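*Asks:* Following the hints, put chain W in place on chain C, whose structure we already have.
There are 2 protein chains.
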Amino acid sequence: MYVPPRTSLRVWPMLCGIRVINAEKSEFNEDQAACGKLCIRRCEFGIEEDQEWLTVCPEEFLTGHYWALFDGHGGPAAAILAANTLHSCLRRQLEAVVEGMMAPQPPMHLSGRCVCPSDPQFVEEKGIRAEDLVIGALENAFQECDDVIGRELEASGQVGGCTALVAVFLQGKLYVANAGDSRAILVRRHEIRQLSSEFTPETERQRIQQLAFTYPELLAGEFTRLEFPRRLKGDDLGQKVLFRDHHMRGWSYKRVEKSDLKYPLIHGQGRQARLLGTLAVSRGLGDHQLRVLDTDIQLKPFLLSIPQVTVLDVHQLAVQEEDVVVMATDGLWDVLSNEQVALLVRSFLTGNQKDDPHRFSELAKMLIHNTQGQDNGATGEGQVSYDDVSVFVIPLHSQAQEGSGH
Amino acid sequence: MYVPPRTSLRVWPMLCGIRVINAEKSEFNEDQAACGKLCIRRCEFGIEEDQEWLTVCPEEFLTGHYWALFDGHGGPAAAILAANTLHSCLRRQLEAVVEGMMAPQPPMHLSGRCVCPSDPQFVEEKGIRAEDLVIGALENAFQECDDVIGRELEASGQVGGCTALVAVFLQGKLYVANAGDSRAILVRRHEIRQLSSEFTPETERQRIQQLAFTYPELLAGEFTRLEFPRRLKGDDLGQKVLFRDHHMRGWSYKRVEKSDLKYPLIHGQGRQARLLGTLAVSRGLGDHQLRVLDTDIQLKPFLLSIPQVTVLDVHQLAVQEEDVVVMATDGLWDVLSNEQVALLVRSFLTGNQKDDPHRFSELAKMLIHNTQGQDNGATGEGQVSYDDVSVFVIPLHSQAQEGSGH
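Protein chains in written order, with our numbering: chain C, 7 to 412; chain W, 7 to 412.
Everything labelled a hint here was simulated from the structure, so no lab data went into it. Since the model is a prediction, treat every value here as computed from it, not as a measurement. Treat the hints loosely; a few may be bogus.
Chain copies aren't distinguished; within one or between two, either way the pair holds.
Straight-line C-alpha distance at most 27 Å; calculated DSSO-like pairs for lysine-lysine [what the hints assert, rightly or not]: (1) Lys132 - Lys239; (2) Lys132 - Lys260; (3) Lys132 - Lys179; (4) Lys179 - Lys260; (5) Lys239 - Lys43; (6) Lys264 - Lys132; (7) Lys239 - Lys360; (8) Lys360 - Lys260; (9) Lys268 - Lys132; (10) Lys260 - Lys239; (11) Lys360 - Lys179.
Here chain C stands alone, though its shape is the one from the complex:
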């Protein structure tokens, strides 16, 4: 009888080298964070999940780390649920595929059984690697977590949504999964690399317009899906004005009709850009009940809970002591550019003792202070963030050393 090895994954708080600092600008701070060590348990032999109490086996651990930032809106409920739930969803998803992850190449059949002699060749031709299973697990975990949040919010009569930025260090690689407008960057002595993209009504314009084109009923005749440089008014009627539709990356001119005067599906620029006049992000978790004020128009059909995942092969980086990943909610990036953050990081780490165990926490604190109009001599900009700000600083060197043990 073949019995597949069993796995489990535990997350617990870990503070060594990591610090979560909320700017505490709002009474009910809507940012939430979670971090912990991942221990994926594998058993040499095991049994079906519903008979867990029978498990008697030697344990083997695949360890990693998990960091997550959730920037809430419409109340903190969704962000709190996400901080409490997403790591469990990820554990379940990783558990379901860990045998495939541990193999030299993920086998066509999870059992390892070969139905067709050329199965390994098919997998090889598709270029499927262990990291693709982690990416898939992250994608599915976000979706599963969004379903849980939807049910929990409905059951408790709460509302709200949140963005989600997750970093997972596993088997020598750092996975960054992002749904929303938080950001993670890699800062090294001679390199700055953005590890995530932002998902906002502006960056996802074509996807959102396409949806409104496919399902016009979603706009209930109240909005126009077309983009114009500004909201049109009566004086524009009959004029040929700049516009673009879902299929266009470029611009063209169209003669203004009455329906073009409706409120735009996506309106405003940069930080002010809003989806249906309501939401500043186009991906995230929650918002299942969110409607445009005083209407029955739902936001959720336009939102994606799927993250974009990027992979950083830390073991191939020749990591230096001062190499870090900075993860932060939009409050930081609204006032500091990647380059400014990199300058602050480098000058801080050069000036602080290498053996100070608190220096990465102090660095995170210093970055926050720089958004609050304090200690901002280094940037010389003096810009101040009125948003919540949360920052993780992940020192890659200790990760690479820990990770190399496996």
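*Replies:* Using the frame of chain C, we list chain W on its own:
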């Protein structure tokens, strides 16, 4: 009275420095090409289009060049129609916006009239430039041409489709618009830059799976939208196998059900990949009537006629005598890599007299010969293309010089 300037655009054959060579492997060669000089006529004063016979005005020309390759399938009809039509569609689209293109910045209103004092600021904030109007004109021209082809094919009882790769040199910039699996690359002494991406069932997997998820009736119960490393069979039933769905860039495992044994929406690898078992490309023109063999399942809902447009600012390149853009149908790229083509181009142009007016035509011919198992010492690969092959070699130096006059 304000009368907007009128424009017109003519295309005629131009062979100087350009050569179209078809490999003539098939009796009815399905590759088609078109090229010509663009003359966009602007009048200082003019009248409505339907009174064209009244036009009496001094002419002013905005000149450019147009090159296009169309790789037909299911017969040459669509490719021939595209070669005869697309430039006219582009002319119409450019005519409609040329006043905006000639302004320092495209005005909010094509008339130039300012309804709102801060209109220029709105346009500035959106970052809308003249090149965005050309991109929009190309996007709309492809769509318009696809509509024309659909009507013409239906009226004449013909069938077929084609890919389309278009390059337009205008106002110091080269625009490359691609819908299909042809490719354009820039070759310079120390640089190779791909100017287009290919659109195939594999590269557009998520968009195609998403459509099948949204409109399951498009598959008529005959296909599965899920991707597996190979087509599943009875022995796989009940096993957990590698798969991915529309929302996944990564992979996961699922337990095989009976419906997973259906023929896959996208099947095969690389050159063998097919959409609904039928088509090797996911963008292009035509195919309005195409159906899966012996069924009523249509291909067209899954195909896009919209190109992806990239812009090369030739005036900023400090163009050298030997800098060229190579445009070719997939027959070339199936047997030669970008690097191999660049090697062939560089060694050919080094060895040939600078003042030979035919050297770019000879270069195009040499590239074709290299795919036919002749003159392929340079690549040492000896791979042979059995597909039609068409190549344009565009010398950028003469373009930049001509273009600088405007």
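*Asks:* Take the hints in turn and mark each one as holding or not.
*Replies:* A quick look at each hint next to the structure:
1. Lys132 - Lys239: between (53 Å within a copy, 19 Å between copies)
2. Lys132 - Lys260: between (45 Å within a copy, 17 Å between copies)
3. Lys132 - Lys179: within (21 Å within a copy, 38 Å between copies)
4. Lys179 - Lys260: Cα proximity of Lys179 and Lys260: across copies only (25 Å, versus 49 Å in one copy).
5. Lys239 - Lys43: neither (56 Å within a copy, 41 Å between copies)
6. Lys264 - Lys132: Between copies only: 23 Å across chains, 51 Å inside a chain, cut-off 27 Å.
7. Lys239 - Lys360: neither (61 Å within a copy, 59 Å between copies)
8. Lys360 - Lys260: Answer is neither; intra-copy 61 Å and inter-copy 47 Å both fail.
9. Lys268 - Lys132: Classified as between; 20 Å across copies, 47 Å inside a copy.
10. Lys260 - Lys239: Intra 15 Å, inter 53 Å, cutoff 27 Å: intra-copy only.
11. Lys360 - Lys179: Within one copy, since 24 Å is at most 27 Å while 51 Å is not.
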